[in-house]
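Trainee: Line by line, the protein sequences give chains F and Z. Here our numbering is used: the first residue of the first sequence is 1, the next is one more, and so on. Here our numbering is used: the first residue of the second sequence is 1, the next is one more, and so on.
These aren't lab readings, by the way, just hints derived from the structure by calculation. Cβ atoms here follow ideal geometry from the backbone N, Cα and C, with glycine treated the same way. Hints may be right or wrong, so weigh each one.
Stated by the list, open to error - Some residues of chain F that are not near chain Z, with every Cβ distance over 12 Å (derived): (1) Asp35; (2) Gln44; (3) Val77; (4) Ile160; (5) Tyr207.
What the hints assert, rightly or not - Here are the simulated lysine-lysine pairs, PhoX-like style, with alpha carbons at most 25 Å apart: (6) F:Lys97 - F:Lys128; (7) F:Lys128 - Z:Lys168; (8) Z:Lys155 - F:Lys128; (9) Z:Lys168 - F:Lys181; (10) F:Lys52 - Z:Lys86; (11) Z:Lys63 - Z:Lys23; (12) Z:Lys123 - Z:Lys168; (13) Z:Lys2 - F:Lys97; (14) Z:Lys2 - F:Lys181.
Stated by the list, open to error - Each pair of labels, with its calculated beta carbon distance range: (15) Z:Gln82 - F:Thr211: 43 to 51 Å; (16) Z:Gln82 - F:Asn148: 31 to 39 Å; (17) F:Ile11 - Z:Gln82: 51 to 59 Å.
What follows is each chain in one-letter form.
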Amino acid sequence: MRPLLTFNIYIWGVFIILIYIMMGFWKTSFFITHDLFYQSFSEQVDSESIDKFYSNYINNRWIGIVGIPLITILRVVYTSIALLLGDFFSDNQIGFKACFNISIKAEFAFLLLALTSLILIEFVWHIKTIDELSLVPFSLNHYWCNVNTPIWSKALLSYISLWELIYIILITNFLGFYNMKSWYSNLLFTITTYGIALLFWIILLTYLSITLT
Amino acid sequence: MKSILKWIIVLLVALAIFFLFYKIIVRINTKQALKEAIASLPVINFQTTDSISYTKDNLFPDKNLILVWFNTDCEHCQYEAQEFIKNPVSFNQTQILMVSGEPLSDLRKFGKTYGIDTLQFLKLLHCDYQVFFNTFGTTSVPSLFIYSPEGKLLKQYNGETKFEAITKYLK
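Input sequences plus hints: build the corresponding full structure.
Mentor: The structure is reproduced here in structure tokens:
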């Protein structure tokens with residue numbers, strides 16, 4: 001853990017963003033094919049329209065790829081701010097730089113998620129629709145999702161996952177290197193800072209999902 | 001000072017979470033109520049392009065009903081209209097109501113452009129956006145509601161829908 005925490009923050013940041021971009025590119029190029037579009041939409045839409053949708057998708061998929069670094073940075077900054085707020089009100093006093101370092105290094109959890117997802121999609125799962133590509137493995141959405149699951153609940157079910165647990169554990173461990181407090185004390189700190197921030201984010205996404213669908 | 005600020009932030013975050021949670025619950029309940037309400041054809045009060053009232057009493061009791069919420073500028077809605085026009089025989093035993101919130105003049109122009117004003121089985125109607133949303137729970141276009149002759153909802157589609165996906169629900 002300590003080698004990861006002390007690793008150069010900029011090199012690590014560029015490394016994970018490049019990995020995410022590569023994964024994104026791989027997914028959109030090799031998995032989101034015309035056949036998958038057809039399987040996803042053919043029940044309702046005719047083949048000419050599917051061709052149009054696919055053509056639009058091909059022309060605009062670069063937007064998704066370009067969005068990956070932005071989303072990653074936003075997520076890291078959001079977590080950093082949550083930790084920083086907790087730091088400000090507690091006696092930790094580790095500062096924004098440490099919070100940012102912890103957040104970006106804990107991204108290792110989501111790097112594992114991206115790799116696992118790619119391996120499962122490539123070798124284990126038989127993807128039939130575009131929706132299935134966005135399934136988070138080892139999440140409640142993965143195990144409970146069926147045709148009757150309301151669309152608005154998918155955000156909630158996706159976030160309750162093994163990867164968020166790993167993320168929380170990593171943050172907890174990394175905090176220990178900065179403040180020398182007990183693991184349980186740091187776990188409580190992580191849950192009351194990042195946990196609440198995550199809860200707010202999930203509820204916001206659910207609200208937007210239920211309002212816009 | 002720090003302690004007061006801490007409790008203010010905690011309170012604000014808690015309020016925000018509870019507010020959003022409350023809105024979610026209200027929205028879920030509203031959606032559920034609407035889903036139950038449209039399971040049978042609800043009370044309708046539309047306007048024809050001649051400004052005449054159109055209600056459930058104007059419907060043929062022995063025919064399926066396809067209700068399409070649309071917009072004259074929407075490409076996918078125009079596709080739906082063309083699907084109906086291209087296959088008049090398949091929809092002969094069906095009544096189709098294409099309903100929009102746009103002004104009657106726009107609907108009349110749309111009817112002339114696509115030759116809908118001459119079709120017996122298809123009617124262009126107007127309904128206020130809010131009234132339609134309160135009744136059917138959607139304003140996305142096109143939205144299709146397929147009802148049996150008994151007024152039972154057979155299928156709801158959101159978005160462009162091909163001919164075969166509609167006719168498989170028609171008897």
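Trainee: Against which earlier hints does the structure fall short, listed by number upward?
Mentor: Hints 2, 5, 6, 9, 11 and 15 not satisfied by this model.
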